[in-house]
Structures are given as C-alpha cells and as structure tokens.
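Visitor: Given next are the chains, with one letter for each unit.
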Amino acid sequence: MNKFILIGVATATLASARAQDAASKPAASPDVESLRQQVQALSETVKALQQQVKDQQAAIDKTNGSAPSSSPNPETSPVAASISPSPAASAAGHFATEDSSVVSSTASAPAGSPGPGVNANGAATSESFPTTDTSVVSSAPETISSTGAGASLTQPISIGGGKNYMNISFDGLFALAGSSARDLDHIEVGDHDPQQRGFNARNLELALDGAVDPYFEGFANIVFKLNNDNETEVEVEEAFLQTTSLPFNLQLKAGQFFSAFGRINPTHPHTWDFADAPLVHGLLLGPDGLRGVGAQISWIVPVPWYSQLILGVQNGRGGTGFSFRNPGDNGMFFDRRTTDRELRGLQDFVWVPRWENSVDLSPTQVVLAGVSGAFGSNETGADSRTQIYGADFLYKWKSANAEGGFPFVKWQTEFMYRRFEAGRGIDESFPVAETFHDWGLYSQVLWGFKKGWVAGIRGDYVDMEDSRFTDDLDRQSRSRISANLTWYPTEFSKIRLQYNHDFLYENFFLADRDADSIFLQFEFILGAHGAHKF
Amino acid sequence: MKKILLILSTILACAFPAHAKLNVVATLPDFGSLAREIGGDKIDIVVLAKATEDPHFVDARPSFVVSLRNADVLIDGGAELEIGWLPPLLQNARNPKIEIGKPGRIQASQGIRLMNVPTNVTRAAGDVHALGNPHFTVDPIIGKAIAQHIAQSFAVLDPPNAAFYDGNYKKFEATINAKLQEWGAAMLPFKDQHVAAYHDSWPYFAHRFGINIDIFLEPKPGIPPSPSHLTEVIAQMKAQHVKAVIVEPYHDRRIAEKVASATGAKVVEFSQFPGGIPGTDSYVKLIDTLILRLAAALK
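Chains A and B are the protein sequences, given in the same order. Each residue of the first sequence is one higher than the last, beginning at 293 in my numbering. Each residue of the second sequence is one higher than the last, beginning at 14 in my numbering.
Treat the hints with care, since some could be wrong.
Claimed, not checked - Computed from the model, here is a short list of chain A residues facing chain B with C-beta under 7 Å:
1) D425
2) V428
3) S537
4) I589
5) Y598
6) L601
7) D652
8) S654
9) Q657
10) A683
11) E695
12) G697
13) H821
14) A823
It should be emphasised that the hints constitute simulated quantities derived from the structure, not laboratory data. For each residue, glycine too, the CB sits at the ideal point set by N, CA and C.
Using the sequences and the accompanying hints, generate a full structural model.
Guide: Here it is as structure tokens:
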C-alpha cells in the first residue's frame, strides 16, 4: 500500500514538474531566446570592436613609436555613431549603456545613444552634428511595413490613446425656444426640432462605430429624446454594417439607415447648420426624414471626377417612411383611412436611387450636385403610389489659409417634388381618388467669417396642392425665413442663436397668421473624435 | 456611333490606365515632398491638404475619394492629425490596397517615438492628440526615417524599381547628413534660447536644434488666444528675453505682431510643410529656410 502511495507521489511530482516545465517554456522561450540572441550579437560586436581598437592602437603604436595611447581615437567615433541605430541596440534601451561604455573608453561618444531628452546639441563638444537619434526613431523601419504584418483592421481602435474595439461618443443637443405661436410642435416640422416653448432635449445621441472584422464596419446611432411631457423616447436611428473591401468600387450597406436622398436627409441633426429641419424635408420626406430597414449598394463610377451611383431599398413602413407605407396618426393619412397592409411584392418597397457628382472648381472651391428619387406605394389606396424627386446643389469656398476650417462660404440648395396618389382609403371609404403634386425648396448660405463663428440665412418654401374635398391642415403651402449665428468654442461644442419667421396662411393653426420664433441651441460631444463628412 | 465608342473608350482609358507609375496619395505636403524625393519620376503623386491650410481641419472633398480610390499607396501620419477628415474618405474610397496593414499603407509615425504623449487624455486640455504630438516631420532625423520607410514600401510595391528608390534614399540620407552639420552649426549660437510659437507644432524641431519652443500664444492647443493669456505670454517673453514668435500661414498674424511689438520680438513665419512659405518647394529647402529665418531673428 505504502509502495503504491510512494509511486503515486513520485509520478505526481514528476508529472507536475514536467507540466511546469512545459508551461514555463513556451511562455518564456521566445523572449528569452531573442534576448539571448541579442546579447550574443552585442557581445560579438563588442569583441569585434575591442579587437579593432587593439589593432588600431597597435598600428598607432607602431607609427608613433612608443607613445602611450590614452588619447581618444578619432577614427572610432563614427563607428560608435553607426552602432547605436542598429535594431538590437534600439530594441532594448538598457543595453545601450553597455554599448556606449565600450565606445566611450576610446572616444568621447558623441550622442552615441542619447536617452530621451538628451539634447542633440551634446554635439557642441564633438566635431560633428549627430545624424542619427535613437531617442526619436525607435526602431529600424524594415520591420514595419513591407511584410504587411503590421496592424490589422481587427485590432482595437484606439480611443484616448487606449485600445478599444469601437469608437464611442455621445452628443447632447438642446434648445431653449421662444415663439409667438403656442403650438410650436405644428410650426416646426422635424421631430428633432424644438417642439415646445422653453427647454427642449430632442436629440441625445449615442454613436458607436468600428471595424467589425476585416470585411465590415459597423455603425449605430441610438437617439434618446424627451417629449413635451418630459418622458424619454428611444429611437434606433441608425444601425448598419458596411462592406470595406468589395471589388469594382462597390460598397454594400445593410441595416437601419437614412436613405441617401439629397443633402440633409442622410445626416444627423447635430451636423445641421440650422436648429431645425427645412420645411420641404419635414413635409415631403417626413418629420424623421426618410429612413428604414433595408440595403443599399453604391458604385463609384470610374471617371476622372467624383461620381457615385447609389441604389437603396427599404421597407418604407411607418412614420420613417412618411410618404410611403405610412398608416398615419390613428390610421388616417391625408384624411384617408389607411390600408396598413403587408408587403405584396417588390413594388411595395421604397426604392431610392441617387447620382451625385463633384468637381473642384479651384483649389479653394468645390461644387457637389446630385439628383435623387424615392419610389414606392402608399397606404391611402389599394394601388396608390408615391414618387419623390430631388435635386441638390452645394458650393463651398474655403480660404487657402484656413485655420480650424475658417473662413468659408457654403451655399446649399435642395429642391423636391412629390407626386402622391391619394386613393380612396380602406374599403373605398373616401369619396374620390386624387393625385397631389407638391413641391418645395430651401436655400441656405453659411458664412464662417472668423475661427469658430458662422452666420447663416435660409429661405424655405413649400407648395402643397389643395385637396378638392377636404381641408387638411397638414396640406397647406408655407414659407419661412431664418437667420442664425453660431459659435463653436471647439469642434466639440456649439452655441447657436436662431430667428425664424413663418409666413402662415389664413385658418392655419390657431395662432396669428405669421409666427416669430427664437431658438437658443446648445450642444456638446463627448468621446471619439467625430470626422466631418463633406 | 463612332462618337459613342470614342467616349466609351476614353472613359475606359481613364478607368484602367496603363499601369506604369505608382499612384501615391499623401495626406499632407511634408509626406508628399519626401515621397517625391524617393519616387522621382517613377510615381504620380497627389497631396490632399494644402501647404497653407490648417492640417487639423481639411475638408473631406469628394475629389479626394477619387484620388484614394485610384491609389496604390497612401502615406498618412498615423498620429491622429488627420482624424477629423481622413476616416470618412477612407470609408468611401473602398480601396483595399491602402488599408492599414497592407504594404500600400505607409503610416509615417511608425517607428517614430512621439513626444508629449499625454498620460491622461482630457479635452479640457484642448486639442490634445492621444498618441502624442503629431508634428514630427520637421526633425530632419525623423524626416530621414520616414523617407527610408517610404523607400522600403515603394520597393516592395514596385520591385523593378527597387534599386532606384533605394538609391534615391541613399542620396537623400547623404544630403540630410551633410545639411545637418550646416543646420546644427547655424543654430549652435542660440542653444537653450526660448522661442514663442502660436501653436505647439515645433517640439521635434526644437529638440533637434537645441532650442526651447515652449511659450505658446494659444492658451491650450487649438484654443484661440485670449487677452488674459496674451498678457501672461508677454510677461513671460519679457522675462526670458524671447526674440522670436513663430507663426504658421494659417494663424492670425496680427495677434503675433501685437505680442511681438509689446516684447520687442520678431514675428517669424514658419511652415511645417514644404510650399507653405515661399521658396520651399522641397523638404531640404524648407528646413534651410526655417533655420535661416530663425537664426536671423535670434541674432
């Protein structure tokens, strides 16, 4: 019995010893091995140098007769200098002292391997100004790029100097509103616009993005907003992935995203130049803009200028597909009782093509022009269709001596036309079918006159065709002029004062025929450095 | 019909050019200049930022997407100087050749030890770069390292011309080594002197040539000078007998002149980028000019 125990213990200890051996070896061996090799390489270098010095001294002794050679040998100093940038020396800083001590016995070792902070003007005492400096160039570049084994896309994206798999940022957009109209939520057409007198928090946005793997990038924008009763609403504004390496200049995007229609629609409210959405955007594309779950393919046309074709397809259902399969408030849209039906086929998707082109007029001037369309069915009848066409234009001048992106002048205009077949509603409950031709445009000029300061003016107009049978308050023609002044203390914060004058027609809402509004908007951005799209 | 064919063939010719030269895109003019030294007539180069504009804020123009789409090589700083405009361009360019990690992507800061790496990153300190100060090319020793990096990458991407690139690097290295003696000697009389600058773009230049560029008109990086801060700067400059205030082409020169006239210092126009000031169409000429101008002001 005892024997068995003894044997057991012996084998156990043996096994554990082996295990330890096995465990320790793979962890330590590469490091130790490489260190060993480095030390060996260094000691060989040192030996070689000593030999060289001896030889040279012998030679000097021969030529000088018998003078004791304690004087520094000028020949060796270039050697000293040439050793220091070798990969071995720079790879391990603490070896450097050994290195220089060998050399300094024979020469003054000018900046043999200056530590960080050692000023290059240590050269004052030496004859030549140093031409290498291991304190700034930390490794031999041959190990860097040529192999392609460097950083890969799957490596954590750095934020704040650390390592993270994604960029995280938070954007808070607030507005203090005053208006001669009591129903600001009717005057303002965008869901993220100020909706009531007093304070508004309509766009508190959490943005995440990063490389998914070597093939995809992922993006998400989750928006929190406080309604007029200060209850929190959450909106998955965008969440999509995008390919990074499709061939033939193609790119695929899939998930929930803003449709690529015009200039304003694909952008987030905090990047807008005004505190609210243009009328034509809110009334024709919808209060939330046109967005939804779907897919999009884009192709950069291989021509010498920038030209991109985009085709998106989305469900276009609900409030974010406003002019399309939108059941409306309480099942009513344009006074029709809506059908609210399931997808029947490809014709019920919203198809969004876009073609955009850009040229540089000069090194300081850029023009971008695009045409867009959005085609699908709507819910006001069994086979009623909606078509929206858009054209947009952007001109930007920026000084050749711009500091912080200022000064600049930017002119942006968008035109939209909507053909809306309003059917007879569910079960043909509405007396007639009619077709509305609505159109509108806005035009705005922004002048960044000084670093951090931007002044802007905007004109808005929307022409809605009257219904011959009802008096729908949402179908009134409107116009507006706006002026604002924005101060960006840095690119992470802004304070904006805006004045709106709305020209409203008779019987429109309950307040005066015209409305004056003032907004004081303020914003902060935390986290990852957002990049600015053009 | 013939016309249509002609137009089509022109478009195709533009789309698929005969692959003769390396298409190189550099985000900033300093990298572009070094690439020219190495690539000579064997490369076609497009530089995105202008030499006279603020490199932190460059518009992400759509035409840049076209350049990046056609690029065989992209040279960027890799130290977040271009973070405000390069990422969306790269997302749109959909060019796998210039992804990070591929031989076609040269990040100039690789192998460079960046200075002033903040231990604690907070934007309360202004526009601080988490990876360290990204204005490193103005140190000629670093310039050489970047040029070598470029030469090695070009050689990998274009092996038939490898010897040409290597030869150009050797030439450039020899020129810089010789020039360093000249520049070092010119700056030697002003060792340890203090110099003021509008923005903290010059720690590498100062480190190389043994001067201290450590008084800044901006209270914090990227934050415009405030009157109270300028009062402090003027007092400090008087106390340390500062003789020069460095401004770059995109800075407000009037502020620098006000400070200069209050302290008896001279305004010196500097640029990090070849072409940013007159007569500096190459890297060597740029450093030549910087040394000449600073030495003249400090005399």
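Visitor: Per the CB criterion, is D652/A less than 7 Å away from chain B?
Guide: 5 Å, holds
Visitor: Given Y598/A as an interface hint, is the shortest Cβ-Cβ distance to chain B below 7 Å?
Guide: 4 Å, holds
Visitor: Grab the minimum C-beta distance from V428/A to chain B and call the hint holds if it beats 7 Å, violated otherwise.
Guide: Holds: closest Cβ of chain B sits about 5 Å from V428/A, inside 7 Å.
Visitor: Holds or violated: the hint that H821/A contacts chain B, with Cβ atoms closer than 7 Å.
Guide: Holds: closest Cβ of chain B sits about 5 Å from H821/A, inside 7 Å.
Visitor: Is the hint on G697/A kept, meaning its closest Cβ partner in chain B is under 7 Å away?
Guide: 4 Å, holds
Visitor: Let me know if the C-beta of L601/A comes in closer than 7 Å to any C-beta of chain B, holds or violated.
Guide: Result: violated, 13 Å to nearest chain B Cβ.
Visitor: Close enough to count: is the Cβ of E695/A nearer than 7 Å to one in chain B?
Guide: Holds, because the Cβ-Cβ distance from E695/A to chain B comes to roughly 4 Å (cut-off 7 Å).
Visitor: Just to be careful: measuring from the Cβ of S654/A to every Cβ in chain B, is the smallest value less than 7 Å?
Guide: Where the cut-off is 7 Å and the nearest Cβ of chain B is about 11 Å from S654/A, the hint is violated.
Visitor: Return the status of the interface hint for Q657/A: holds when the least beta-carbon distance to chain B is below 7 Å, violated otherwise.
Guide: 10 Å, violated
Visitor: Is the interface hint satisfied for A823/A? The criterion is a beta-carbon contact with chain B at less than 7 Å.
Guide: 4 Å, holds
Visitor: Does the CB of D425/A sit less than 7 Å away from some CB of chain B?
Guide: For D425/A, the interface hint holds, since the closest Cβ of chain B sits about 5 Å away, which is under 7 Å.
Visitor: Quick one, is the A683/A hint okay against chain B at 7 Å, beta carbons?
Guide: 17 Å, violated
Hint check: violations occur at hints 4, 6, 8, 9 and 10; the rest are consistent with the structure.
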